[in-house]
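Asker: So you can see what is in the structure, the chains are spelled out below.
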Amino acid sequence: DAKTTQPPSMDCAEGRAANLPCNHSTISGNEYVYWYRQIHSQGPQYIIHGLKNNETNEMASLIITEDRKSSTLILPHATLRDTAVYYCIVRVGVSWGKLQFGAGTQVVVTP
Amino acid sequence: SAVISQKPSRDICQRGTSLTIQCQVDSQVTMMFWYRQQPGQSLTLIATANQGSEATYESGFVIDKFPISRPNLTFSTLTVSNMSPEDSSIYLCSVVRVDEQFFGPGTRLTVL
Numbered sequence: 001d002a003k004t005t006q007p008p009s010m011d012c013a014e015g016r017a018a019n020l021p022c023n024h025s026t027i028s029g030n031e032y033v034y035w036y037r038q039i040h041s042q043g044p045q046y047i048i049h050g051l052k053n054n055e056t057n058e059m060a061s062l063i064i065t066e067d068r069k070s071s072t073l074i075l076p077h078a079t080l081r082d083t084a085v086y087y088c089i090v091r092v093g094v095s096w097g098k099l100q101f102g103a104g105t106q107v108v109v110t111p
Numbered sequence: 001s002a003v004i005s006q007k008p009s010r011d012i013c014q015r016g017t018s019l020t021i022q023c024q025v026d027s028q029v030t031m032m033f034w035y036r037q038q039p040g041q042s043l044t045l046i047a048t049a050n051q052g053s054e055a056t057y058e059s060g061f062v063i064d065k066f067p068i069s070r071p072n073l074t075f076s077t078l079t080v081s082n083m084s085p086e087d088s089s090i091y092l093c094s095v096v097r098v099d100e101q102f103f104g105p106g107t108r109l110t111v112l
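If you're matching them up, the sequences are chains A and R in order.
Numbering follows the numbering used here, in which position 62 of the first sequence is assigned residue number 62; successive positions increment by one, without gaps.
Numbering follows the numbering used here, in which position 55 of the second sequence is assigned residue number 55; successive positions increment by one, without gaps.
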């Protein structure tokens with residue numbers, strides 16, 4: 001699975017949009033981009049995933065560049081409960097379990 | 001979504017002892033996994049728990065240290081054997097349902 005690069009930390013003001021970048025320049029054509037988050041003392045929570053089209057659900061939006069070498073997770077209106085470590089992972093669609101978690105981005109939402 | 005429960009939620013154990021962690025899922029799943037998260041670190045896959053056969057271990061993890069059982073499609077156990085302080089971690093169960101992978105709340109283990 002391709003390696004990802006994320007900033008180690010970022011701050012966000014409550015009510016504002018949080019834009020979390022991820023670089024995956026070695027991604028292969030059959031690899032998906034997944035985002036998870038881990039709130040302190042809890043198991044990771046699935047957020048969203050995509051292959052090449054932009055995706056949106058009730059939690060977030062995922063923007064994938066045309067060359068697929070990078071992506072951005074957007075939390076449209078950050079709340080204090082969004083404070084967590086966010087992981088960007090790329091993996092082949094059928095390789096369940098083989099989620100290679102990197103260091104992630106520690107997001108702190110402040111009032 | 002999948003509802004996953006783990007027992008115990010946390011424990012403090014003495015070195016040299018063993019602890020068995022249980023993972024229960026609210027309905028049948030095909031794939032179950034066990035992860036470890038050491039203090040301040042990210043998650044590492046320990047093994048895939050296979051129903052009716054031996055677990056498949058990742059590099060660096062062996063059956064003698066982390067025996068795994070999976071008697072049916074909703075339940076699995078992970079045993080941490082002959083524990084040392086280096087085994088202090090959060091151990092997480094994970095399952096795949098439909099097109100998503102879900103994680104349990106974790107078991108926080110401290111070895112003295």
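Treat the hints loosely; a few may be bogus.
[What the hints assert, rightly or not] Calculated lysine-lysine pairs in the PhoX-like style (CA-CA distance at most 25 angstroms, straight line):
| id | chain 1 | residue 1 | chain 2 | residue 2 |
| --- | --- | --- | --- | --- |
| 1 | A | Lys52 | A | Lys98 |
| 2 | R | Lys7 | R | Lys65 |
| 3 | A | Lys69 | A | Lys98 |
| 4 | A | Lys69 | R | Lys65 |
| 5 | R | Lys65 | A | Lys98 |
| 6 | A | Lys3 | A | Lys52 |
[Claimed, not checked] Here are the simulated distance ranges between beta carbons:
| id | chain 1 | residue 1 | chain 2 | residue 2 | range |
| --- | --- | --- | --- | --- | --- |
| 7 | R | Leu112 | A | Ser28 | 41 to 51 angstroms |
| 8 | R | Thr79 | A | Asp67 | 39 to 49 angstroms |
| 9 | R | Asp64 | A | Lys69 | 23 to 33 angstroms |
| 10 | R | Leu112 | A | Thr65 | 44 to 54 angstroms |
In case anyone wonders, no lab produced these hints; they're calculated from the structure.
Where is the CB? At the ideal position from N, CA and C, for every residue including glycine.
Asker: It remains to establish, for every hint, whether it holds in the given structure.
Answerer: Quick rundown of the hints versus the structure:
1. A:Lys52 with A:Lys98: 20 angstroms, holds
2. R:Lys7 with R:Lys65: 19 angstroms, holds
3. A:Lys69 with A:Lys98: 20 angstroms, holds
4. A:Lys69 with R:Lys65: It is violated: about 39 angstroms lies between the C-alpha atoms, which goes past 25 angstroms.
5. R:Lys65 with A:Lys98: 21 angstroms, holds
6. A:Lys3 with A:Lys52: The hint holds at about 17 angstroms.
7. R:Leu112 with A:Ser28: 41 to 51 angstroms: Distance hint for Leu112 (chain R), Ser28 (chain A) holds at roughly 45 angstroms.
8. R:Thr79 with A:Asp67: 39 to 49 angstroms: Cβ of Thr79 (chain R) to Cβ of Asp67 (chain A): about 46 angstroms, so the range 39 to 49 angstroms holds.
9. R:Asp64 with A:Lys69: 23 to 33 angstroms: 43 angstroms, violated
10. R:Leu112 with A:Thr65: 44 to 54 angstroms: 49 angstroms, holds
Hint violations for this structure: numbers 4 and 9, all remaining hints satisfied.
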